[in-house]
Structure formats: structure tokens, C-alpha cells
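Engineer: With chain A held as given, fit chain B onto it using these hints.
Protein chains: 2
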Amino acid sequence: MSKTSLSGFPEWLPEGRVVENYILQKIRQGFELHGFANIETRAIEPVSELLRKGETSKEIYLLRRLQEDPVKAAEDPRQLGLHFDLTVPFARYVLENRGALTFPFKRYQIQKVWRGERPQDGRFREFTQADIDIVGDGSLPFFHEVEVAVVMARVLSSLPIPPITIRVNNRKIVQGYCEAVGVTDVEGALRCLDKLDKIGAEGVGEEMAELGFAEEAREKLLQMAQIQGDAAQIRSQVDALACKSELLEEGMGELIDLLTQTEERVPGTVTGDLSIARGLDYYTGTVYETTVTGHENLGSICSGGRYDSLASDGKRTYPGVGMSIGVSRLVSRVLAEGLATSSRKVPTCVLVAVTDEEHRAESNRIADALRNRGISADTAPKAAKFGKQIKAADQRGIPYVWFPDAGEVKNIISGDQTEADVATWEPEECYAKPQISTDN
Amino acid sequence: MSKTSLSGFPEWLPEGRVVENYILQKIRQGFELHGFANIETRAIEPVSELLRKGETSKEIYLLRRLQEDPVKAAEDPRQLGLHFDLTVPFARYVLENRGALTFPFKRYQIQKVWRGERPQDGRFREFTQADIDIVGDGSLPFFHEVEVAVVMARVLSSLPIPPITIRVNNRKIVQGYCEAVGVTDVEGALRCLDKLDKIGAEGVGEEMAELGFAEEAREKLLQMAQIQGDAAQIRSQVDALACKSELLEEGMGELIDLLTQTEERVPGTVTGDLSIARGLDYYTGTVYETTVTGHENLGSICSGGRYDSLASDGKRTYPGVGMSIGVSRLVSRVLAEGLATSSRKVPTCVLVAVTDEEHRAESNRIADALRNRGISADTAPKAAKFGKQIKAADQRGIPYVWFPDAGEVKNIISGDQTEADVATWEPEECYAKPQISTDN
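Read top to bottom, the protein sequences are chains A and B.
Throughout the first sequence, residue numbering follows the numbering used here, covering 1 to 440 in sequence.
Throughout the second sequence, residue numbering follows the numbering used here, covering 1001 to 1440 in sequence.
Hints are computed from structural coordinates only; laboratory data are not their basis.
Mixed in with the good hints, there may be bad ones.
[Stated by the list, open to error] Short derived list, chain A residues pointing at chain B, Cβ under 7 Å:
| id | residue |
| --- | --- |
| 1 | Arg-17 |
| 2 | Ile-60 |
| 3 | Leu-62 |
| 4 | Val-71 |
| 5 | Pro-381 |
[To be verified] Straight-line distance between alpha carbons at most 30 Å, and here's what the computed DSS-like set of lysine-lysine pairs gives:
| id | chain 1 | residue 1 | chain 2 | residue 2 |
| --- | --- | --- | --- | --- |
| 6 | A | Lys-385 | B | Lys-1382 |
| 7 | A | Lys-382 | A | Lys-433 |
| 8 | B | Lys-1433 | B | Lys-1388 |
| 9 | A | Lys-382 | B | Lys-1026 |
| 10 | B | Lys-1220 | B | Lys-1198 |
| 11 | A | Lys-391 | B | Lys-1315 |
| 12 | B | Lys-1391 | A | Lys-433 |
| 13 | B | Lys-1220 | A | Lys-26 |
| 14 | A | Lys-315 | B | Lys-1072 |
| 15 | A | Lys-26 | B | Lys-1433 |
| 16 | A | Lys-72 | B | Lys-1072 |
| 17 | B | Lys-1220 | B | Lys-1244 |
| 18 | B | Lys-1315 | A | Lys-388 |
| 19 | A | Lys-315 | B | Lys-1385 |
| 20 | B | Lys-1385 | A | Lys-433 |
| 21 | B | Lys-1195 | A | Lys-315 |
| 22 | A | Lys-382 | B | Lys-1315 |
| 23 | B | Lys-1391 | A | Lys-315 |
| 24 | B | Lys-1382 | A | Lys-26 |
| 25 | B | Lys-1433 | B | Lys-1391 |
Virtual Cβ for every residue (Gly too), placed ideally from N, Cα, C.
Chain A with its partners taken away, still in its complex shape:
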């Protein structure tokens, strides 16, 4: 990471950006292989739009033009702010363009988002998210909840990181179970259970007690939240709870179905975990979190869920399901731990040496001829001694140096030097583009 005077705003050196671009390209490819169309939404939304979900309000950056009066700007109900996720803007985009879109609408969106919070370790105030969502017009069949997990499992498995685990739960299970055991404050229960990872069962129990949950309810909820495993394990443990409700059974049906299908299509990556709560109110079905093996302290790097009514114009509702990758958090870890590195910090494959400044035009002609054939080329910045020009290539990781007078090209990594014709010469495949080495 570059030394930046503003914490929470990550920037990479050119060689880090090569790795980030590699990761972004893998993500895009994976999404497109599965038929997701790309869109971008503006970075700026009216505050009224951003505040529809009260919960995240404290993390928003508001905008004012330099010439505007600060107090008047703050009182203006049409004041603008930076988006803090890609879901809220997407909901607005769907409503605005519903007449022009084809449903179910499968889109991906890779953009920066901003949160005006105090930065902590690994928490950024500006970061890139990569989201997929599938939105239906009026209804959306359950199989799409399987689909997004399958896509994300494949995409994340294509990245230069250790194996990932997508942990899934279903809101209907939690809600149905609450009904069965007589808990009415489902939101309160969800908020407490969401902290199980951080503060443990005892801490969650205490918080529930503070919210007025009876001892029996607390025990029952914690019992449920400790259930984990594959389809069969989840089934038998939930059966052992001996609780029944229609909603619970519906949720169980969906969760078992999801676990069974994902085990077939992306084996070993998806597991059930009834502690997964996800804070946001609007989830109504499957919820997802993702951890990277050995990097659990990163938190969830890909989360989301099913929502029945995020987008609605009053008459019509657009249910959806989506997941979001925290790209910057992931890239930051990959770079910090050297999980992937680039063979060079420039795209250049060939540096054409310059014999003397009077003959720079000749070197330009060679570079242009290579570029015309799709080979990234550059001319040496100085007509210095060839040893220095080779060093200029080496500093940037450029593998080939072309000598115009000799009509020869040298691979400065292998040391091989051969005669070459600019009209036909090809680099060895492994040197054509920057290579990403991974830590596996």
C-alpha cells in the first residue's frame, strides 16, 4: 500500500494495481459466464434515498458545493450524499428503468462505495464492492437463491486466495423457530445472534437478557444458533430441537435444498450455519456470509441474502437476491501477505533500445510495428549505454530488450539473445503479459 496521509482510503502501487486488475477481471469473467449484465449507477444519491434504511445512517458522507451555505445545505431535504453500498442505488435504478429492463434482471456492478466511519484495522472509508443481484418483477423463484451461491463459490474459488466457505442460513428458520418457542422480538434476537462470532454465546445471552428475553428463550435461541453442517447434519439437529412451525419447515426445506444442490455443483464450499443472522431488516429468505480459510479475522468477504421488498413503487414489488464481494478488503490482504504478485509493474513486453537520440525515430518505428501486432512496447527513456537501458527494463520487469542496430532481441530474464524480424517475432507466451504468481 502506498503511504497515504488519509487512513481508510487505500491506494496501491502500480504492481499492486496489476494484481487488483487481475482479481477484478476474474470476478467479471465469472459473473459474465453466468449471464449477469454489467451496469453502473451514479455514486451520488439524494439523502432521502440513502436514509430509507435507518440503520446505516451514521456512516453516510453528505455533499455540499463549496459556494453553498453549510447550514442551508444541511437543511435542504434534497441534499446529496455518497452511496454506502450498491444495493440501495440498484433498487432505485430498477424502479426508474423498470419499463426498459427484462425481468428476471441479472446484473453485476463493481464500484466504489464510501462510509464516513472512523477507520479501524481493515475497515476502509472508500472501497470497491462487486455485487450480483437477480431481481424479479412481482415474484422470484427460490432457485435463484441457489444460483447466487453457486456463482459466488465459483468466482471466489478462481481468485488467488485460500479456499472459501460460504455459510448460509434462512430467515424463515429463525423466524419460524422464534414463533415456535414463543419469541416475539425476532429483530432483537437477530441483532444479538449476529454478534455470536464476536462476543460468544455467553455475551449473546447477556445481551438477550438485557433486551428482556426469558432464560428459556435465550437457551433455545442459542441452541439453534449453534447448529452447523451439511444438509443431513442440519436436518437431524433441527429435528432434535423438537420444535414445529410452518415457517420453520418452509425455511428448512429451502436450506436443505440449497445445501444439497450446492454440494453437487460446487462441492465443499457451502455449509449451513444457523447463527448467520445478517443485521439488515430487509432479508426474508436465504442469508449468506463467506470466510477465507486461515483469514477468518478478515470477517465476511462476501455476504448477502434474499429480500422480498427492497424495491417497490407501491403498486408493484421487485423481490431479489444478491451477494456482494468486499474487493478492497480482499485485495488489501492479498497484497499485504503476498498471496499474489505480478511479474512486472508495467504492461510493456518489449523495451526498444535507443542507439542515440538522433536515431530515436528508428526505435519508435520498431515499437510502433510491434504495437500494430498487439505487442506492448516502449522505447528506452534515454539513449544511455545499453547496460543502463537494460537496467531500465529490469527495474520495470520488462522481459525483452530490442536492439535496433543489431536487429536482435534479448530476453533479459533467461539471457537468450536472438536475431528477430519485427514483422514476425513473437514473445514467448509466458512473457507476453504480466504474470500473476500465486502463493499456492
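Structural biologist: Chain B alone, transformed into the frame defined by chain A:
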């Protein structure tokens, strides 16, 4: 463009985004062929950094956290704002990372920028710029001023737009000429001449008079500003002015050199135009503007220049030269006039039909097998009648529909239907990816 309730913040429909991505990809490829490395800088800078150039101060968006007091935030000297170009953040990035970068540093940067101005026709408050800059440590040879023009000429000529003209001038000519004719207020002269396109010679003359320029000086300046053409034409017209100064000759030498070299390397795209002034104070050598034939009313879609001291840490100066493409303005015109259109609005090549919901898994297996071979596939959203499933493909522009039971695939554009094996079938090349049709 999608109907958006906020003017000045462009958003595209998925089919428009396909065209934009095509244009962005052409730009990236062109930059990388010429050895430019990609970086991104954060969108947010301290206001003190943004205001170093006073001129654009009125167009800045300032930020405040929702919980912050508006008045206190406005008084905080460390207040943050959104960047309004990519040059100022790049200068900061170079200074912060000077120890880790290799000079001359050639970078490209494609990001959104924001200007808090009232939107006019074609003026956006949020838009994408694509910049190249070459920055030296202490010094930067003139040939890089030729290089950026060559790169931009090639990149812009690869886009689905009519032929472009890069118009160039050299600040040393303007300044040297001012010296020769006794004009001391060079900045004032530049500001007035910059409006020649908009208000004509008469208007510029009037503005100069208001600034106190004598009649003779006004005439001399307007005479110079009307000089246009290739190397020989510029040379003879400037000679006819019969003015001499060392700086003028230096600038003429550079301009002639640039016009001669570009005429050889990118014939017919670069022309001299001594009216090009560019408002910004920091340019010190070549300045560039670019118009699209038949779309002159778009204004300049790619501008920039040579600057000797944008980045400096007091001890050391980093001179540079750069140009910036106004991508959103260009894309907006391309979409509005249909200069390029996409054959489909999804990446999907094959829609696998679903015989009935009980057999969806079979369709998923076919889609997964195609994806594993790099072919973008999707399953039909509903197990409706095949006619309806074909219609679902047609609505999205998906060229192929796969029928699992029959083991056949139909090209719904040509109508051809053939037996197909999922392990070996390949789409016709022209249907593999969305095709961009251009208006040429």
C-alpha cells in the same frame, strides 16, 4: 440514458453499458500497448489539496459525515472533498510514492470525477475521465510531448466515432510572441484567446480592450491566434508576422517537430492551431485539444498539456505531460446518436431451455458444462412453453437456445437448429460475445 431524477449524473441501460465497456476496453488496450501502467487514486482529497489551483474552486463538492456539525465541518481545514480531475490527485500520488516509483513514470487512470456545477447540455456533474501522463524526476525530454499525442491519436481512432483532429499549440510560442510584441499580461491574453471559438475574434478583441490591451497588441495577438495548419504552413505564417524572440523560436522548434513527427506516425490527425490556449496556468509547453468531425459542438473531448511544476516537494520538481479523454461526454453522444450499438444486452451466448421445473437440474448441468468451457450460459427463467423460452432469449438478444431433451441447439437469429454435444459444441465466432455495430 435512463430517466434519472438527478440531472448531470448519467446512467446507462445494460445495452448502453456494453457499448461503454467496449469503448473503455479499447482505451485501456491502446494505453497498455504503449507501456502505460494503470493506477487508481482515492476519490477523496483534503480540500487544501483540491484548492491549490484556485480557478476550479467553485466546482468542488465538499464532504461531511451525517453526524458532524455542518458549521464546524465547514471550518475544519482538513475537510475532505471529491476530486474534480485526475491530475491533482496524481500529482499527490507521485509525491507520496516517489521512492517506490520508477521514472519516467507512465501511468493511465480511468475514474469518475465530480464537479458541483449547474448541469448544462452535455455537462455532467459526475463523469468518467481517461488520463495518461508521463512524469519525470527533475526533467522530462520533449519527445514525450510527441508521444502522448501519438497515443491519443491512435486510441481515439480506434473508437466508434468519426475522425478526430488533435489541435496543438505551444505555450512558449504564445509567451515568446507576447514578449516580442510587448504584451506583459500573458495570462490575460491566454484567458481571452481561449474564448476565440466561442465568442469570435471581435468578442476576444473587446475583452482584451477591457483588460487594457492596446489596439496594436490586440491586433497582433489575434493575427497570431488565427494561424493554423501543418508544419510548413505554421512556419511560413509565423515568419510572416516578422516577430522574433528566443522563446518564440524554441516553441516554434518544438511545435514544428511535433507536427512533423505526428504526421509520420499518425497521419492526418494532428494539426497546429495557435489559438489553442487552455485556461490552466500550469501548462508550460505543448497544449492539446481534440474535436470530433461533425461533432464540434461537443467541445474538446481530449485535452491536456505539458507542465513543468505541477508536482513539487520543494526540493525536487516532477515535470509532466498528459492528456485526458472525457469518456462520459463521448459515450453519451455515441449512445444518443447510435454511433455504436450492441447486439445484445447480456453477456449470455446460450440460454438452456428448461423442460419442466423438475428437470431444471439437468439444464443447470448443461449450462455449467458450457461455462466450464468458457461459454457464457444461462438457464431459462421459467419452464414455460418452448416458444416462450425462445422469446425470453430473443428479448435479451441471446443468440442460441439449447434444448436438453432433443440434444439440439438452435440459433434463433439464423433459425438453424442442429444436434449438439455439450463437450464439444462451439458457437459461431460472431455470436460468442456481444457484437458492437458501428455507424461507419
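Engineer: The structure should be examined with respect to each hint, and the outcome stated for every one.
Structural biologist: Quick rundown of the hints versus the structure:
1. Checking Arg-17/A against chain B: minimum C-beta separation of about 5 Å stays under 7 Å; hint holds.
2. Against a cut-off of 7 Å between C-beta atoms, the interface hint on Ile-60/A holds, since the closest Cβ of chain B lies about 5 Å away.
3. For Leu-62/A, the shortest C-beta to C-beta distance to chain B is roughly 5 Å, which falls under 7 Å, so the interface hint holds.
4. For Val-71/A, the interface hint holds, the least distance from its beta-carbon to any beta-carbon of chain B being 6 Å, beneath 7 Å.
5. Against a cut-off of 7 Å between C-beta atoms, the interface hint on Pro-381/A holds, since the closest Cβ of chain B lies about 5 Å away.
6. A C-alpha spacing of about 68 Å is found between Lys-385/A and Lys-1382/B, which places the hinted pair above 30 Å, so the restraint is violated.
7. Between Lys-382/A and Lys-433/A the alpha-carbon distance is near 24 Å, which keeps this suggested pair within the 30 Å criterion.
8. At most 30 Å may separate the alpha-carbon atoms for a hinted pair to count; Lys-1433/B and Lys-1388/B meet this at roughly 23 Å.
9. Distance restraint check for Lys-382/A and Lys-1026/B: the Cα-Cα separation of roughly 29 Å lies within the 30 Å cut-off, and the hinted pair is therefore satisfied.
10. In summary, the hint linking Lys-1220/B to Lys-1198/B is supported, as the alpha carbons are separated by about 20 Å, within the 30 Å threshold.
11. Proposed proximity of Lys-391/A and Lys-1315/B is supported: the alpha carbons are some 26 Å apart, at most 30 Å.
12. Of the pairs offered as hints, the one joining Lys-1391/B and Lys-433/A is violated, with about 41 Å between alpha carbons and a cut-off of 30 Å exceeded.
13. For a cut-off of 30 Å, the pair hint linking Lys-1220/B to Lys-26/A is broken: about 59 Å separates their Cα positions.
14. Simply put, Lys-315/A and Lys-1072/B have alpha-carbon atoms about 43 Å apart, too far for the 30 Å limit, and the pair is violated.
15. As the CA atoms of Lys-26/A and Lys-1433/B are separated by approximately 17 Å, the hinted pair is consistent with the 30 Å bound.
16. In summary, the hint linking Lys-72/A to Lys-1072/B is supported, as the alpha carbons are separated by about 14 Å, within the 30 Å threshold.
17. Note on Lys-1220/B and Lys-1244/B: the hinted pairing holds, with a Cα-Cα distance of about 13 Å set against a maximum of 30 Å.
18. At roughly 26 Å between alpha-carbon atoms, Lys-1315/B and Lys-388/A fall within 30 Å of each other, so this suggested pair holds.
19. A C-alpha spacing of about 28 Å is found between Lys-315/A and Lys-1385/B, which places the hinted pair at or below 30 Å, so the restraint holds.
20. Taking the CA atoms of Lys-1385/B and Lys-433/A, the gap is near 47 Å; set against the 30 Å cutoff, the hint is violated.
21. Straight-line distance between C-alpha atoms of Lys-1195/B and Lys-315/A comes to about 52 Å, which puts the hinted pair past the 30 Å bound.
22. For the hint linking Lys-382/A to Lys-1315/B, the alpha-carbon distance of about 23 Å falls within 30 Å, and the restraint holds.
23. Between the alpha carbons of Lys-1391/B and Lys-315/A the distance comes to roughly 26 Å, so the proposed pair stays at or under 30 Å and holds.
24. About 29 Å separates the Cα atoms of Lys-1382/B and Lys-26/A, which keeps this hinted pair within 30 Å; it holds.
25. A C-alpha spacing of about 19 Å is found between Lys-1433/B and Lys-1391/B, which places the hinted pair at or below 30 Å, so the restraint holds.
Of the hints listed earlier, those the structure fails to meet are numbers 6, 12, 13, 14, 20 and 21, in rising order.
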